[in-house]
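Given the coordinates of chain A, work out where chains B, C and D should sit on it, guided by the hints.
Protein chains: 4
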Amino acid sequence: MTNPVEIKPASGKLGVLLPGIGAVSTTFIAGVEAVKAGIGKPIGSLTQMGSLRLGKRNEQRDSKIKDFVPLYDLENLVFGGWDIFAEYPDCYSAAVNAGVLEQSLLDQLKDQLSEIKSMPAVFNQKYVKNLNPTRIKDVTSHRDAIDALRSDIRNFKETNNLERAVMVWCGSTETFQAPDSDIFENLSSFEKALDNDDPSILPSVLYAYAALQEDVPYANGAPNLSADFPAMYELSHKLKVPIAGKDFKTGQTLMKTILAPGFKARMLGIEGWFSTNILGNRDGEVLDDPESFKTKEVSKLGVLEQILKPEENPDLYGDLYHKVRINYYPPRGDDKEGWDNIDIRGWLNYPMQIKIDFLCKDSILAAPIVLDLALFMDLASRSGKYGIQEWLSFYFKSPTCKPDLYPLHDLFVQKNKLENTLRDLMGEDLITNLGLDYYDE
Amino acid sequence: MTNPVEIKPASGKLGVLLPGIGAVSTTFIAGVEAVKAGIGKPIGSLTQMGSLRLGKRNEQRDSKIKDFVPLYDLENLVFGGWDIFAEYPDCYSAAVNAGVLEQSLLDQLKDQLSEIKSMPAVFNQKYVKNLNPTRIKDVTSHRDAIDALRSDIRNFKETNNLERAVMVWCGSTETFQAPDSDIFENLSSFEKALDNDDPSILPSVLYAYAALQEDVPYANGAPNLSADFPAMYELSHKLKVPIAGKDFKTGQTLMKTILAPGFKARMLGIEGWFSTNILGNRDGEVLDDPESFKTKEVSKLGVLEQILKPEENPDLYGDLYHKVRINYYPPRGDDKEGWDNIDIRGWLNYPMQIKIDFLCKDSILAAPIVLDLALFMDLASRSGKYGIQEWLSFYFKSPTCKPDLYPLHDLFVQKNKLENTLRDLMGEDLITNLGLDYYDE
Amino acid sequence: MTNPVEIKPASGKLGVLLPGIGAVSTTFIAGVEAVKAGIGKPIGSLTQMGSLRLGKRNEQRDSKIKDFVPLYDLENLVFGGWDIFAEYPDCYSAAVNAGVLEQSLLDQLKDQLSEIKSMPAVFNQKYVKNLNPTRIKDVTSHRDAIDALRSDIRNFKETNNLERAVMVWCGSTETFQAPDSDIFENLSSFEKALDNDDPSILPSVLYAYAALQEDVPYANGAPNLSADFPAMYELSHKLKVPIAGKDFKTGQTLMKTILAPGFKARMLGIEGWFSTNILGNRDGEVLDDPESFKTKEVSKLGVLEQILKPEENPDLYGDLYHKVRINYYPPRGDDKEGWDNIDIRGWLNYPMQIKIDFLCKDSILAAPIVLDLALFMDLASRSGKYGIQEWLSFYFKSPTCKPDLYPLHDLFVQKNKLENTLRDLMGEDLITNLGLDYYDE
Amino acid sequence: MTNPVEIKPASGKLGVLLPGIGAVSTTFIAGVEAVKAGIGKPIGSLTQMGSLRLGKRNEQRDSKIKDFVPLYDLENLVFGGWDIFAEYPDCYSAAVNAGVLEQSLLDQLKDQLSEIKSMPAVFNQKYVKNLNPTRIKDVTSHRDAIDALRSDIRNFKETNNLERAVMVWCGSTETFQAPDSDIFENLSSFEKALDNDDPSILPSVLYAYAALQEDVPYANGAPNLSADFPAMYELSHKLKVPIAGKDFKTGQTLMKTILAPGFKARMLGIEGWFSTNILGNRDGEVLDDPESFKTKEVSKLGVLEQILKPEENPDLYGDLYHKVRINYYPPRGDDKEGWDNIDIRGWLNYPMQIKIDFLCKDSILAAPIVLDLALFMDLASRSGKYGIQEWLSFYFKSPTCKPDLYPLHDLFVQKNKLENTLRDLMGEDLITNLGLDYYDE
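Protein sequence lines correspond, in order, to chains A, B, C and D. Just so it is clear: in the first sequence, position 167 is 186 by our numbering, and no numbers are missing. Just so it is clear: in the second sequence, position 145 is 164 by our numbering, and no numbers are missing. Just so it is clear: in the third sequence, position 234 is 253 by our numbering, and no numbers are missing. Just so it is clear: in the fourth sequence, position 117 is 136 by our numbering, and no numbers are missing.
Just chain A, same shape as in the assembly (with noise of 0.2 Å):
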């Protein structure tokens, strides 16, 4: 057993910003409110339901995890965001637009739902195509987006008398940008970038240095690059403020790093992955657009490949044809369907396939995620820790990590980072399933 690490007491109220007040939030900010009204479960957040074993397996000393390590609770999150739609001017009327909860459960919510209200956007159509806004924020340079937003934060913790804030990207998904320019290489290229107002940086870019440099930490939710280069790291590490990303792992990709594992560890060869989806909402629009499928296409593609180490097992994945399509069918609605051709070979290579068919809600499986990224964005601040947040790779699709290190896709290893991550922050071994102690006579 190691020494617990020292954690500041979650005292106060902590602020919860989310650029992008659509589909995501509203579930997301709804369903705290429905759970505080006592006419909702958290179900799918592991701060609020999830248990973690503490100890031997017969010391039976099971936790739930917000007993276990300091964590605001629901009560004490007060919410706020941006968004590029005057017609839909707080959370209640963005609700009832994104069409995902059941208007009569938002009836009961409307009160607190109108009152929180969304500030215009940076936003650049040319990015997100297929949408079009009718309110974001008149600047003209970079350097005065990040002004206005810095400010928007400020003022948004001094009204609500907030002592911390995180911030959770949940807008759309903008159009591909590599890592690649130099102006990414660094914090002064790419501070002199800012400046020059380079037309590589994204807005969901200027939403995270703005973040940084309100001592707010900042998750990214959507495959955009928003803090995942080298400057932001180091912007991150000199403002001691930690990061993590990027797009939130809901549906299909989460179903498949529940399954490539599984299929790994048998040592069962994969030689194909065909995956389509069809979604009618506006992220199907948005995604219609070639170049913004193309950046979630990268996204969904990588999993499989560190998961599976074709190089390491070539007779076993050498070969995999890997495909992913998203489509636009609106009679699909808010729900989303994937469908997943697997084809695997087993003893002496004989082949076997599986169907998955996955009716699903995208919302209402990233809505817990925003819920646990929030409260452990800001643990983490509050124990010290700074940089890249390895340890929630779990709820990513893209996880950040070093750059010398490859991320960690399968979501069992992942959720062995996160829970061995907890009990080492309060001084408890960790688990390594060995056991071997049980049967010594």
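Wrong hints could be hidden among the right ones.
Because identical chains share one entry, a pair is satisfied inside a single copy or across any pair of copies.
For lysine-lysine, the following DSBU-like pairs were computed, each having C-alpha atoms within a straight-line distance of at most 35 Å [what the hints assert, rightly or not]:
{"#": "1", "residue 1": "K421", "residue 2": "K75"}
{"#": "2", "residue 1": "K328", "residue 2": "K75"}
{"#": "3", "residue 1": "K313", "residue 2": "K75"}
{"#": "4", "residue 1": "K145", "residue 2": "K313"}
{"#": "5", "residue 1": "K421", "residue 2": "K27"}
{"#": "6", "residue 1": "K176", "residue 2": "K85"}
{"#": "7", "residue 1": "K148", "residue 2": "K313"}
{"#": "8", "residue 1": "K60", "residue 2": "K129"}
Hints listed in this document are in silico derivations from the structure and should not be mistaken for laboratory results. None of the values given here were measured: they were computed from a predicted structure.
Chains B, C and D alone, transformed into the frame defined by chain A:
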């Protein structure tokens, strides 16, 4: 880093004794012969194809398991076994009859397979209603049966000049026998029951007893009681022989122990899980008998409960309705198909559904398990391990463990346990996935 | 063009009498009320939404069926029925209990539905094991039961000032009763058996008998024997009343009679057809009783044989293995899910597979059938038709037909028959799809 | 009963000419040879295995089609064709390369198949982007190409001493060419365009033209324009030769024209139909080119509209969203898999869903169509029929019909048309399924 355990060398030849020379056994044996002949790959076998990480992630010291721990290589395995059908007196004819592997492959291995003759089996039709044996041992008491089996084992070792041997049960599912009778409670009452020819003692128990008496590690691939009761644990300690079981984890249950930990990791509720199977081979025929099905059903139903812990998570799993059906369907032939419907619940209890169709091949999935168990059980024996080998839970639907512990069903916990056991055996650091030091400055 | 048949006008009001005011009946009645109130569409109803072609393809004289043949319109329907539950004495409470339609819709129809009271039913628990009635008629003999039902019918017509009435059985599946006893052979032996209270005569038979005696056409929506035996055919001729049956063709069997004719049309072989269902409502509970399941199974298994004619096509269908399973699965609630696996064979016997997952709603599929049968049975009566109405085979899993004919199960043959019967009734040319004259020069 | 048509006898031998000796052609030819050798069954072929009802249902005069109409028998078929690959100069090597049929079967037919040599093809890579021919005719004008093909046809007939011949296009899908140019309007403008080497005239048109000029009936198995425009209809009348097309109806579209008529028959609404395909063979590669895909997409999308008639049924089909995707996926090899999601609507607009997974084999489904078309086109010719043979719509995704008619896509209407055409040809009563007389007293 701990001190490595002292392990006897894998010298000479290892006998692999298989009660039941049917689809699984012949697929296993033919496969090993195919690998030896350079015309097949041992896909699905951790011992042959698996690697594990050693040390830190950035050390890149991943090693093949077979290079890491001292296992017998395939060249030094010798196969033997028992069967009830005079029509298929050797492994070639039995493999042709099983119809799992292509005739053209079997023809290439005809010489090797024809040499492997099966011995007449101990069998009692009362316990496997839908099979009609044509060649069984003429014994009149439990003690006679045990003596005959022990004599078979000794002859087999002598004839083949074997250094060591292991036994892996590959026979049919027997009718259900609960371990609740007093006779299973301890070794003395059990041996008395043996003397009295107690009818609660089924043939697979006699095989296990004979194996242990001959210092042969015993692993049980069916859901039969066999070696899974206190008297047998006592014997395995007394004689210092490893035992493990039970019921090879293949197809649908394998998928269940991959998926359920995934849903649980994300705190997704499960309202219902309906599993149906169609299969057309001898296994399907045997399980068409309700009494054999009961044995299998108990084994199949248990996995979810331990993984999900409904008592700890009543909001998520308190009302889980779990139903498993097996249907004999001749057109499927030697293949098997499992269809699952899973009703899950997310944020605020919103329902989602997952359907999984698994077009699988049972013997193809089971064969590499036989190989791994044979090699690992022998490794355990050479390492001085005995009694229940819980670290091999990875391979079983109903892992045997100490009565005061709960079994571990989560495939990823099982894998972690197996790998850390190997690391411990060789004096390597255990992996906890903490990895905070990568980020130390 | 033949001469049209003389048809009495659809004057006054038509009573629709329903034994069993459960999920199907209430969905049907509430739906008709919703349509009348302008808040719903009668989707699935041929009489309300269907068209048929008249004359040549290039004449473009397609007509709505309801504009072509003289049917009662929805405004002139009056509903009544019998039920066994005192807890749900009217159609509103029964509909709420059934849980098929949304509460918000039912609330809009509360006034109309509350006025429709159900009458105490004739019932015998011996024949429907899993239901526990709370309000049944206190009768001591078959003849008493018939008299009570006839009196109910007369009162219903008088009270509501009805011109005409029809009866459609919407009650539960009774235990299996083969029509092989002598008592079913002719009217005289059957009436003797009625006098003797023969226990082979189940309640649904009494309803049919009572209906015919009151000149009320009778259609049977369950697989019960009810009106499907020679004595009842004789009665329907003697009294000149139409009868039809049996077992509404919805979900999986509907799909089967769509698909099997398709495979047959293309001479594709079928080696196996495995159908499983999961359902969680009262119907599921009733069919969990093996004796009720048998009645349903006989009805479900029959359809393939007639469509495929294995004796004529032994190479294609001689070995067809057809298996149907129904599983009570409460999480599915009022919905139903059917999963089919079909093993087909093409050119040179090469195998292919089809899997069908049908997420359906039984009562939603059955309700429009009740409406169509009520209107068409009455049309038959007004047109002077009586005895078996084979042209309504379209609506049934087990179409009743003359004993010396084989039933027609192919949905498209059934549809052709229904449409040409309507054309014949109105003196229009029958459609043969020959159409050579289009190409004459 | 009408007078039968006079039909010339099926004397001597019938040549079957196939542009494109690839997967479909070789599967067809090898299959016919297998049937002749007694080692295969012509499953899927109506001409070989189908029966049809003659007279009343209770006359039981069902007849095999081949016993009813005078067709060439398989013994008298002679095969020939053109192809673009020098690597596979005969039918055996092409069949091995196609990889559809098992090697062991092909080996048994090697002698027969090796004798069938393919002729160099007329080809233009501009219209089939993803194929790289290695042996094409060296022609410099449309007229040269036609002359070369006509000369091939004459030589083929002479060499093989054939009485008659038919041509069935089995080549690839060409890029999309609408028939909207003036040159397709009538024969005179078309022939002028031929003279001018108009680039809108693609190779498959030249084959059709050559066939007609040689009095060879022409059926088109691809969605190419080929013979489907007014000028070619005019030519087929002028020369009195039958034509038919287009695009063999196999896999997913076959299923669609089975299912959609079923939903329509029951007046079930359809909100969306999403179809995706994965396939790994040459067809998949060709269709990976967007221009070839467009030709196929037009053919695939058309079927629902005619069957459902949204303009007549706006409440049911007015908003139908229909999307078709084809994905090149090499692991599927020569097999194909179609997955469909269908969103249907029932009573009061309640939603239901159907998922269909079809593990099919394209060439296995197409081969018997080639056979039937060859035999029926020749029958048409011997019966004095010419021009568009609409009665063969049954076999096509996009049935050609007179411009002032709408095509018939419903498989069951197509079947009825085909069968009644055969009955009419032989002077039998047409079947209307009325059958009221069975019930006359």
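Results of checking the hints against the structure:
For a Cα distance limit of 35 Å, the shortest separation of K421 from K75 qualifies both inside one copy, at 32 Å, and across copies, at 14 Å. Both within a single protomer and between protomers do K328 and K75 lie at most 35 Å apart by alpha-carbon distance, with minima of 33 Å and 17 Å respectively. Taking the shortest Cα distances, K313 and K75 sit within 35 Å of each other only across copies (33 Å), while inside one copy they are farther apart (46 Å). Proximity of K145 to K313 under the C-alpha cut-off of 35 Å is found in both arrangements, the shortest distances being 15 Å within a copy and 29 Å between copies.
Taking identical chains as interchangeable, the C-alpha atoms of K421 and K27 lie at most 35 Å apart only when both belong to the same chain, with a minimum of 26 Å there against 42 Å between chains. Taking identical chains as interchangeable, the C-alpha atoms of K176 and K85 lie at most 35 Å apart only when both belong to the same chain, with a minimum of 25 Å there against 58 Å between chains. Taking the shortest Cα distances, K148 and K313 sit within 35 Å of each other both inside one copy (13 Å) and across copies (25 Å). Proximity of K60 to K129 under the C-alpha cut-off of 35 Å is found in both arrangements, the shortest distances being 18 Å within a copy and 32 Å between copies.
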